[in-house]
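Peer 1: Just so you know, the sequences run in chain order S and C. Numbered per the working numbering, the first sequence spans residues 1 to 440. Numbered per the working numbering, the second sequence spans residues 1 to 181.
Please note that the accuracy of each hint is not assured.
Said to hold, decoys possible - On the chain C side, residues computed to face chain S include the following (Cβ under 7 Å): (1) Val-46; (2) Cys-75; (3) Ile-77; (4) Glu-79; (5) Ala-83; (6) Ser-97; (7) Ala-99; (8) Ile-172; (9) Asp-173.
To be verified - Think about it this way: if two alpha-carbon atoms lie no more than 20 Å apart in a straight line, the pair counts; the simulated EDC-like pairs of lysine to aspartate or glutamate are: (10) S:Lys-47 - S:Asp-332; (11) S:Lys-338 - C:Asp-71; (12) S:Lys-320 - C:Asp-139; (13) S:Lys-378 - S:Asp-10; (14) C:Lys-94 - C:Asp-23; (15) S:Lys-320 - C:Asp-173; (16) S:Lys-338 - C:Glu-68; (17) C:Lys-94 - S:Glu-218; (18) C:Lys-159 - C:Asp-120; (19) S:Lys-278 - S:Asp-175; (20) S:Lys-95 - S:Asp-69; (21) S:Lys-95 - S:Glu-43; (22) S:Lys-48 - S:Asp-90; (23) S:Lys-390 - S:Asp-162; (24) S:Lys-338 - S:Glu-172.
Since the hints were derived computationally from the structure, they do not count as laboratory data. Fair warning: this is a prediction, and the values are worked out from it, not measured in the lab. All C-beta atoms, glycine included, are put in the ideal place defined by N, C-alpha and C.
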Amino acid sequence: MNISDLVSDDAAYVSRKAWTDQRVYELEKKGIFAKVWLFLGHESQIKKPGDFVQAYMCETPIILARGEDHKIYASINSCSHRGLPVCRADHGNTKRFLCPYHNWSYSVDGSLVAIPQEKLLTNKPDKSLLGLKAVPRVESWRGMIFGCLDESVESLESYLGDMRFYLDAFFERFDDGIEFIGAPHRWTINANWKLPMENQLGDVNHGPFLHSAVIPAEANEEIFSVGWSAVPEPGHGATFRLMPEGTEYAQVAWGMEGMGAILGGAEIQEYLFEIQAKAAERVGGIRSRMKGLTYGIYPNLSFLWSNTSFKVSHPRGPNKVEYWSWAVVPADAPNAIKKILRTNYSSFFGPGGILEQEDSEAWMQQYLGSNIDFADDKPYFYGLGLGEEKPHPDLPGMLSVTANEYYARAFFLRWRSALEAVNDCCDLITSTKQLSVDDL
Amino acid sequence: MISDIERQYAIEQFYYREARLLDGRQYQQWLSLVSESIRYVMPARVNALVNNRQRGEEAMIAIDNELEGSDGLGCPIREEGYAHLFVRVDRAYKMNSWADNPPARTRRIIGNVELLECGDESIRVRSNFHLFFSRPGSDNFIYSGQRNDQLLMIDGGFKIADREVIMDYANIDVPTLGLIF
Ligand code: FES
Ligand SMILES: [Fe+2]
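The following block holds chain S by itself, in its conformation from the complex (with noise of 0.2 Å):
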C-alpha cells in the first residue's frame, strides 16, 4: 500500500479507504497504538490500595490498579496460563484475581499468587515469570494516567508539549484537582475511531449546522467571533473562546454553559463564580479568559471543556469504536455540587446526551458513506484554511479561526507519517489519485 496515497502531502485530501481499510486498521494499531502514550484512567478513581478500573490500549484489555505499595500498575488482562480476562467486574477493590478456568490467581498488581494445580506436581514452575504482562511504561500527569506498550517512549509530559499549556488553563484552577466520577459511559457506535476523535480536536465548526435545533444562535456567534482553534503539536488540539478583558462572570467562568448551572440556582453560580474569582492568580490573566470548547489528545483522548468530560476513542475494528466518557468534577467540591455538575456532562452529552444524539449518527453515517467503491479517486477535502494558521504572540503552537481545518490536517499528517513507518509490505491499497488544491 502507498500510505502517501491515504493522505496527500499537504493533507489538503483525506483518503476513504483511512476510515474503513481494515488493512490501514492493522497499521494503526503497529504504528500508533503500539506506540505512542494511551489514556488509562485518572488517579482519582484508584486511590485506595486494590482499587481496580478497566481500561483498553486499542482494543487489548488493560487492568489500571492501586497496588498494596500505593503504586500505579498497568496489565494486560489475561491469563497466563490460556489467556482468559482474569479481571471481570468494570471497577472495583479487590486483593485477588481469580481466573475462572482453573483458578490462578493474581494480586492487582499482576503478580501471579498461586497456581492450584502446583501441589501436586513435582517441578513447580516459576511463578515470578508468569504474571500477567506488564504495560512497560506508565506515568501520570496531574493525575491522568497513561500507559505506552514502546518501552523507548519519550516521556509523557514532552509527548503532551504544549498541551500542557491549554490543560492547565483548566487544570490548575482548582486546588484538589479533578476527579472523575463513576464508571464510564460505555457505547458502542458504529462509526471509525477517528470521527469522534476528529470531533473533539477542534471540529467545533459543525455546532453550527449540525446541532442547530438545539445550540441558540447567540453562542454560535460567539464562537465565530473570539473562537481560537490551536494545535500546540500536531496530533493535539484545543479550541476555546478568548473572551475580552473585563467579561462578566457569568459569560467566561468555566461550568456556566451546562443545564446544570442553568437551571441549578444561585448556589452553583456562586460556587463556578468563585472559581472564576481566582482563576486569573491561578492560571494567569490570558488564560483566565480561555472559556474552552473541546480539546484532543494524540491518538484517542478528548476533553470538552464546555461540558466537562473526558472521553476515549476505542477502536473496535475500522467500522465500530466503543466510546467511553465521564463526567468530571472539581475534587474538592461539595457532593452537592458534583451531582449537579454531572448533569453539565450528561445532559447534552454521552448515549443520552440531547447533542450528541445528532453527533454518533453523524459518525455512523460517516462511515456509511466511507465504505463504498467507485469513490477512491475522489478523496475527502480537508483543505479549509489551508495555510492560514499562524502563530500567536501569548498562546503556544499554530493558531486560526475555528473554521480553519488544520487541526485535521495536523492530525492526519502524523497519522500519515506513523503508518509509513510500519508499512512493510506494499501490496494493499490500490492507487488513488493524488491531488492536491491546485488541481481544483
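We have chain S already, so just place chain C with the ligands on it with the hints.
Peer 2: Relative to the frame of chain S, chain C with the ligands by itself:
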C-alpha cells in the same frame, strides 16, 4: 372508591395511551402527561464486582449493585427535569434535528404493570418495556428495560411525577439512549 382491578385497568390504559402517543410522534401531547416537577432518571449500569462476603445471599447479585443512580456519586446516564424533556420534544419538530430527520420508527410494548404502593394522591408503579427502533439507513434495534414510576392522580387521570428508567445494558450498543422511554 374504585377497586384494585379498576385502578390496575386505568393505569394500564394510561400506559398504552402514552406508548401510542410516543410511537405516533405526538410528543407535545405526551408532554401533557408529565408533571412540571418531573424527575426523569436513567441510572448508569456497570458490570459490578461480586462481593464474596455476601455469598449465599440475594444481596450478592442484587440489581442495585450494578446501578449508578441519582442518589449516589456516580454519573447516571440521564438526570432530567421538565426543561430537558421540553427541549427534547421541541427538537423533534425542527427541520435540523438531523438524527431524526427523517424520523425513526418505534414500537413500544409495555407489560408487567405492577402497582407497588397506592396512596390517596400518588401511586408507585413498575412496568417493563420492549421498544423496537428502526432508523433510516441503519440496523434495527431492540431496547429493553424497566420503568419505576410515581404517578400523581389528578382530575381522575394521571401525571408522571417521577420516572426511573433501568436499561438492561452495561455496554450500550444502541444508537441513542435519548429517546423517551
Ligand atoms: S486459563 Fe486462567 S487459570 Fe487456566
Ligand atoms: Fe457535536
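Peer 1: Just to be careful, I want the Cα atoms of Lys-390 of chain S and Asp-162 of chain S compared with a cutoff of 20 Å; is the pair within it?
Peer 2: This hinted pair holds, its Cα atoms lying about 16 Å apart.
Peer 1: Starting from Lys-48 of chain S, check that the Cα of Asp-90 of chain S is at most 20 Å away, please.
Peer 2: With Cα atoms ~16 Å apart, Lys-48 of chain S and Asp-90 of chain S stay inside 20 Å; holds.
Peer 1: Is the hinted pair Lys-320 of chain S and Asp-139 of chain C satisfied, with a Cα-Cα distance of at most 20 Å?
Peer 2: Cα-Cα ~14 Å, so holds.
Peer 1: What's the verdict on Lys-95 of chain S and Glu-43 of chain S, does the C-alpha distance respect the 20 Å limit or exceed it?
Peer 2: 19 Å, holds
Peer 1: Can we keep the Ile-77 of chain C interface hint, with Cβ of chain S closer than 7 Å?
Peer 2: 5 Å, holds
Peer 1: Taking only the CA atoms, is the gap from Lys-159 of chain C to Asp-120 of chain C under or equal to 20 Å?
Peer 2: Holds - the C-alpha atoms of Asp-120 of chain C and Lys-159 of chain C are around 14 Å apart, at most 20 Å.
Peer 1: Using the nearest Cβ pair, does Val-46 of chain C come within less than 7 Å of chain S?
Peer 2: 5 Å, holds
Peer 1: Given Ser-97 of chain C as an interface hint, is the shortest Cβ-Cβ distance to chain S below 7 Å?
Peer 2: Constraint on Ser-97 of chain C satisfied, holds at 4 Å.
Peer 1: Would you mind confirming whether the straight-line C-alpha gap from Lys-278 of chain S to Asp-175 of chain S stays at or under 20 Å?
Peer 2: 10 Å, holds
Peer 1: Is Lys-320 of chain S within 20 Å of Asp-173 of chain C, Cα to Cα?
Peer 2: Status holds; Cα separation ~10 Å.
Peer 1: Is it true that the CA of Lys-338 of chain S sits at most 20 Å from the CA of Glu-68 of chain C?
Peer 2: With Cα atoms ~14 Å apart, Lys-338 of chain S and Glu-68 of chain C stay inside 20 Å; holds.
Peer 1: Is the hinted pair Lys-378 of chain S and Asp-10 of chain S satisfied, with a Cα-Cα distance of at most 20 Å?
Peer 2: 16 Å, holds
Every hint, counting from the list given before, is met by this structure.
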